[in-house]
Each structure stands twice: as structure tokens, then as C-alpha cells.
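Residues 79 to 264 in our numbering are what the sequence shown lists, from first letter to last.
Worth flagging that the hints you see were computed from the coordinates, not collected in a lab. Any given hint could turn out to be false.
25 angstroms max Cα-Cα, derived BS3-like pairs, lysine-lysine [what the hints assert, rightly or not]:
hint: 1; residue 1: K207; residue 2: K246
hint: 2; residue 1: K145; residue 2: K246
hint: 3; residue 1: K246; residue 2: K215
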Amino acid sequence: MSTSQLILYLHRRAIEEGRIKESDPLADEILRTLEGHIPHYNGWELPYGAAIGLELLHGQANLPEAKAIRSAALRRLMNYEVFLNSVDELGYTPQNIRAALTIHFERLRSEPLGSDGNCILMDLDTALKQCNERTRKVVGLLISGLGPQAIGEALGTNGSRLVGRTLKNLSRILEGSNNGKKNPRR
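All chains should be built: construct the whole structure from the sequences, respecting the hints.
Below, the structure is given as C-alpha cells:
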């Protein structure tokens, strides 16, 4: 799952909340591409908006605009309410799990029993019990505030790849793709 779903979700929210005042042709082209409408083109180059959209769709932002859009979307997860709504709407994506572990973990721990935040914490705890020791170690290091590079140095491996695999594995467990069941929260 790429950041594209988060971007589309945040855009829908912005429209519903009346924060989108005017249309932008480049933004429209990016959004159409994120929705899966890849334009037909002649020649070697895609339209610029489609190129940005494809980078976001595939989770590999290299163009400056794609990096800026991805960064802005991920920053929105710092808001606790946006985070909770994103988990409710999109489920346990790797981005939502990372936000839970690196940004909101202490708040989740302090939430009252039965609240959405407490349920997320319990889901994470249940998923971690199904993981191996190395995955639990990576999660612990993320919670403690270490980033991918520091985690890689601590464990003697490529930290970005290890963190990415850890988050994807937790997402698969939490979304039930290992046993064919979807998470009941969705």
C-alpha cells in the first residue's frame, strides 16, 4: 500500500471540509493518476502531473513535487484526530502504523479503555505477539524514537529496508491478509 491512498483520503477530507477553493490542472492530473487513470501518451515523456502521480502511486517519490506532496500527507498524520480517522478509513497501513509507533504511542497508551486509541494499542499488541523477536525489537526502537538509519546501525543492516518490511508485516497481520479475514474495526 502506498502513500497514494492517504493522499486521496486527505484530499477527500479537504473537499468535504470546504478547504479546496479552486481547481488546479496539475493537481487534478496528479489526483486522476492516483485514482488509477493513467493517461495515454505519445512519445517518451508522460505529462508532468501523471509522472508525479505515478511516483506517489508506486511509493517512490523522486521528483521535488512528489516528495513535497508525500511529506505534507505524512505530516498530517501528526494530528491525532487525523491519525485516528485515517486508521478508521484506511485501516492499518504501514504509514498509519508508523505514525502510531513514532508519533502517537504515548497518547495511545494513555487513552481510556474502549476508546479508539486504546483499541489501536490493543490491536498493535496482539499483532506484536504474532511477530518474531527481531520485529519486536525494531518496533521497540521505533517507539523509543530511533529512525531507520539508527536502527540499521544498531542491528547491522539496512535500516530503511528493515523498518519498511516490519511495517508491511504488521500491516498484513493487522489487516488479516495472513488468514483471509479483515480487521473488524473497518
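Here's how the hints hold up against the structure:
Restraint check: the Cα-Cα separation between K207 and K246 comes to about 16 angstroms, which is no more than 25 angstroms; the hinted pair holds. Between the alpha carbons of K145 and K246 the distance comes to roughly 21 angstroms, so the proposed pair stays at or under 25 angstroms and holds. Simply put, K246 and K215 have alpha-carbon atoms about 15 angstroms apart, close enough for the 25 angstroms limit, and the pair holds.
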